[in-house]
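Novice: Construct the complete structure from the given sequences, taking the supplied hints into account.
Protein chains: 2
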Amino acid sequence: MPDLLNGRLFTPQDVAVLKEIILHRRDVRGARFVDRLPTQQEIDQILTAALHAPSVGFSQPWEFVLVTDRNIRQKVKDSFDTTNAAAQAAFKERQQDYARLKLEGILEAPLNIAVFYRPPGGAVLGQTSMMDTGVYSVVCAVQNMWLMARALNIGMGWVSILDAEKVSRILNAPAGHQLVAYLCLGYTDGFYTRPELEILEWEKRRDREGAIHHERYGDQTKSI
Amino acid sequence: MPDLLNGRLFTPQDVAVLKEIILHRRDVRGARFVDRLPTQQEIDQILTAALHAPSVGFSQPWEFVLVTDRNIRQKVKDSFDTTNAAAQAAFKERQQDYARLKLEGILEAPLNIAVFYRPPGGAVLGQTSMMDTGVYSVVCAVQNMWLMARALNIGMGWVSILDAEKVSRILNAPAGHQLVAYLCLGYTDGFYTRPELEILEWEKRRDREGAIHHERYGDQTKSI
Chain A
1 MPDLLNGRLF TPQDVAVLKE IILHRRDVRG ARFVDRLPTQ QEIDQILTAA
51 LHAPSVGFSQ PWEFVLVTDR NIRQKVKDSF DTTNAAAQAA FKERQQDYAR
101 LKLEGILEAP LNIAVFYRPP GGAVLGQTSM MDTGVYSVVC AVQNMWLMAR
151 ALNIGMGWVS ILDAEKVSRI LNAPAGHQLV AYLCLGYTDG FYTRPELEIL
201 EWEKRRDREG AIHHERYGDQ TKSI
Chain B
1 MPDLLNGRLF TPQDVAVLKE IILHRRDVRG ARFVDRLPTQ QEIDQILTAA
51 LHAPSVGFSQ PWEFVLVTDR NIRQKVKDSF DTTNAAAQAA FKERQQDYAR
101 LKLEGILEAP LNIAVFYRPP GGAVLGQTSM MDTGVYSVVC AVQNMWLMAR
151 ALNIGMGWVS ILDAEKVSRI LNAPAGHQLV AYLCLGYTDG FYTRPELEIL
201 EWEKRRDREG AIHHERYGDQ TKSI
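Top to bottom, those sequences are chains A and B.
Letter 141 of the first sequence, counting from 1, is numbered 141 in my numbering, and no numbers are missing.
Letter 201 of the second sequence, counting from 1, is numbered 201 in my numbering, and no numbers are missing.
Note that these hints are calculated values from the structure, not bench results.
You may find that some hints are simply not true.
As the list makes no split between identical chains, a pair holds if one copy fits it or if it spans any two.
Said to hold, decoys possible - Straight-line C-alpha distance at most 20 Å; calculated SDA-like pairs for lysine to any residue: (1) Lys19 to Pro195; (2) Lys92 to Leu23; (3) Lys102 to Pro120; (4) Lys19 to Arg205; (5) Lys19 to Leu9; (6) Lys204 to Gly122; (7) Lys19 to Arg8; (8) Lys19 to Asn153; (9) Lys166 to Ser129; (10) Lys166 to Arg8; (11) Lys75 to Tyr217; (12) Lys166 to Leu200; (13) Lys92 to Gly121.
Specialist: The structure is reproduced here in structure tokens:
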């Protein structure tokens, strides 16, 4: 088995590149997309990143539906509109602010990719007690796509204000397949310097230390 | 708002670096860890990657518990052992193969990080119809950590054969916080050339085209 180890070491320069990509990644919405389809090679690079995500028990439980057809995208957009109108009520005194936000780019982005979880046929190693790890694997693939898209200077947005059942029917998904993410991809005229919702003062960045605990919740000792 | 756009363009060389990191990332288990704690700077870089993951509505619903204490890790390991023994039965005729696999590095890795989802106090933008997007944000953070760890030549493994409730109690997690991932991190003596479960012939890599659909499931036309 040790002959199956590789000694590939990444450098501090490689670390810096990854850090920059992570820090410059943005959720891109309609106002920023340019209506020009990424090249086949770029799309392939994004899918290769997805297909090399980690997956529980190497189950690779992901399915990607690449949508460019405008009629199909219009149907998804209609579902968004209905769902989004209903969502506003949850924001009480911020409803008017909410209504002004542009939260998707389904029609502006020339490529949409719906990402599904395909349930396994039998037991999956590692998925016996935390069953959601199958879906989590699909999310890891999405995050790989997001980073690769950003490295290619392609914008990507994740639309989650959708009726998953309705979108599954539009895309003719087999029974049991679960819509995990609906993505909009395309070139952009730029990426915001900070997350759009931070710029718009919808939400603040959390204090770093507030999210980090040592040894267990509530312990005051900081050993690392 | 356009003044908030930045023109940072990544190069084909940057794309190549990201691709290499993605392709060389592995799930690292006990046999490969070296018992030497990553530096504070390295740990900070991994956490910075996590904290800049995308999150639904910029909610940043993640919590990280850094565990080095051996007594705490031993308690988690005990939970793993119990859960793993019960899991074997699911693999029927492969039970003996399963029993031989080393599936975690809780004690071998000097640093464990438990990653929790913290439920929101109120409505979260984008999380009104697909509620799981909060947990998905936490998974995106984990994937950022995995890639940054690999770029730093640090191994990371995700242990999912755990009783999430039990581990939450061990770590004194507040009610409602949900364990999403339990990670083992440390230096390694190398990374496998391919996923370990592929090398061991536990599972095969899926055919690329089988996971990719065009326009909708079942359509035969390939427009892109």
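Novice: If a hint holds in the structure, say so; if it does not, say that too.
Specialist: Hints, verified against the model:
no.	hint	result
1	Lys19 to Pro195	within (16 Å within a copy, 24 Å between copies)
2	Lys92 to Leu23	neither (32 Å within a copy, 46 Å between copies)
3	Lys102 to Pro120	neither (36 Å within a copy, 22 Å between copies)
4	Lys19 to Arg205	within (18 Å within a copy, 29 Å between copies)
5	Lys19 to Leu9	both (17 Å within a copy, 14 Å between copies)
6	Lys204 to Gly122	between (43 Å within a copy, 15 Å between copies)
7	Lys19 to Arg8	both (19 Å within a copy, 14 Å between copies)
8	Lys19 to Asn153	both (15 Å within a copy, 14 Å between copies)
9	Lys166 to Ser129	between (30 Å within a copy, 12 Å between copies)
10	Lys166 to Arg8	neither (46 Å within a copy, 38 Å between copies)
11	Lys75 to Tyr217	between (46 Å within a copy, 15 Å between copies)
12	Lys166 to Leu200	neither (31 Å within a copy, 40 Å between copies)
13	Lys92 to Gly121	between (44 Å within a copy, 14 Å between copies)
Checked against the numbered hints given earlier, this structure breaks hints 2, 3, 10, 12; the rest are met.
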